[in-house]
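One letter stands for each residue in the lines below.
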Amino acid sequence: MSRQPLDAAQIHALVVERFPAVTLERSENAQPWLKAPADGFLDLARFLKDDPRLAYDSLMCLSGVDLATFNLPPAKPVPPPKPGAAPVPPKPAEPIKPVEPSLACVYLLHSLVHRHRLMVKVLVDRNAGVVPSVESVWGVAGYFEREIFDLLGVGFAGHHDLRRIMTPEDWTGHPLRKDYVYPTRYNGVELRRAGQRFEDGPYAGNAP
Amino acid sequence: MAECGSKAGNRDGEQLALTCVDDFLNWGKENSLFYLLFATACCGIELMQTGGPRFDTDRLGMIPRPTPRQADLMILAGTITHKMASRAHLLWKQMAEPRWVVSMGSCANAGGPFSKYSYSVLNGMDKFLPVDVYIPGCPPRPEALIDGCMALRERVRRFRALGIRDRDPVVIASASPAPVCGDQGFKPQRPEGQG
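As you go down the protein sequences, you meet chains Z and V in turn. With the first letter of the first sequence counted as 1, position 115 gets the number 114 in numbering that gives the first Met the number 0; the numbers rise by one all the way through. With the first letter of the second sequence counted as 1, position 3 gets the number 2 in numbering that gives the first Met the number 0; the numbers rise by one all the way through.
To be clear, the hints were calculated from the coordinates, so they are not data collected in a lab. Glycine included, C-beta positions come from ideal geometry on N, C-alpha and C. It is possible that part of the hints are untrue.
To be verified - Computed, partial: chain Z to chain V, Cβ under 10 Å:
1. H115
2. L161
3. M165
4. W170
5. G172
6. Y185
7. N186
8. R191
Please take these sequences and the hints and turn them into a complete structure.
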């Protein structure tokens, strides 16, 4: 097979013949990427790997992203506390307003045959969103999917062993979600950020 | 030497030393503190350096053991997460008594840089294990680790097999001076007469 690298528009033209729901997206500072729906993604993955013109035989990276936006009030200078006055408890941050679907799985593919690359994003619903597992296409995806399931709570249909991989087996919640609330105690040990969220921490109010 | 014990009943030339059992046993224990190969983060690099030829824990009788069943000492070198804490505790339970624990570095002491803002890091392994010696530092230099080992040897020397175990931990002062290696840094030199 001769080496014939394709650019993003050519790849999209090949894909959209069979999968009309797939769109080509561009942004200012990232490479072009394909946005694919979760339904029927397994067929798309098989096509990307098996089609001789594409031949994406290597899944370089599979990562998950929480796209929910911060909804923080602008930073205000904190006046110094008066001597003798009781400390003022900090205000709880505004709740996050997620845009649905607000989770994404990002697949970075590479073809060793044609030496071209591709980024595919699958947007997932925040509540009980499920993506078909591509473990049967690229075997390495099994560990990546376990990591995304553990830290972001995305389900993968058809995975042979979908367990937590980073956090302890009896952990609750998915820590990389932006609305994750830190647990109070674990194994009898008090945790210092009990009941807080990530943005209640040292950088509160400084988020862009 | 050649005559010693050569004839039956002849005990001339043999030497005797009187001591108590605990002192004799502790003399053996403090000179054979085998430590478990257990490193969870960057402190493990310093632990390897300390075991290497320049600092050489072997000269103190401290030899790394790959199994907890042969180890007397557990050096907690590195960050302990909640998940690792249960594994570390299991390894500690598999070690035979008397067993010793050295907490090396800020993470194992108190959670280190992760103590305040991390959900996953345990704030000090002393919540689960009885720590004998704390060594501050991030990570501690090999000199500090050797210092901690010497403090532990002092504690082993005081150990009484039938007495109450001393549980007050020792905290090593964080003064771990940089080695003096001359103006141009460390230069390996050949011995005299070998060019």
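Evaluated hints:
1. H115: Where the cut-off is 10 Å and the nearest Cβ of chain V is about 38 Å from Z:H115, the hint is violated.
2. L161: violated, 18 Å
3. M165: Holds, about 8 Å.
4. W170: Holds, about 8 Å.
5. G172: Where the cut-off is 10 Å and the nearest Cβ of chain V is about 9 Å from Z:G172, the hint holds.
6. Y185: holds, 5 Å
7. N186: holds, 6 Å
8. R191: Interface hint status for Z:R191: holds (6 Å vs cutoff 10 Å).
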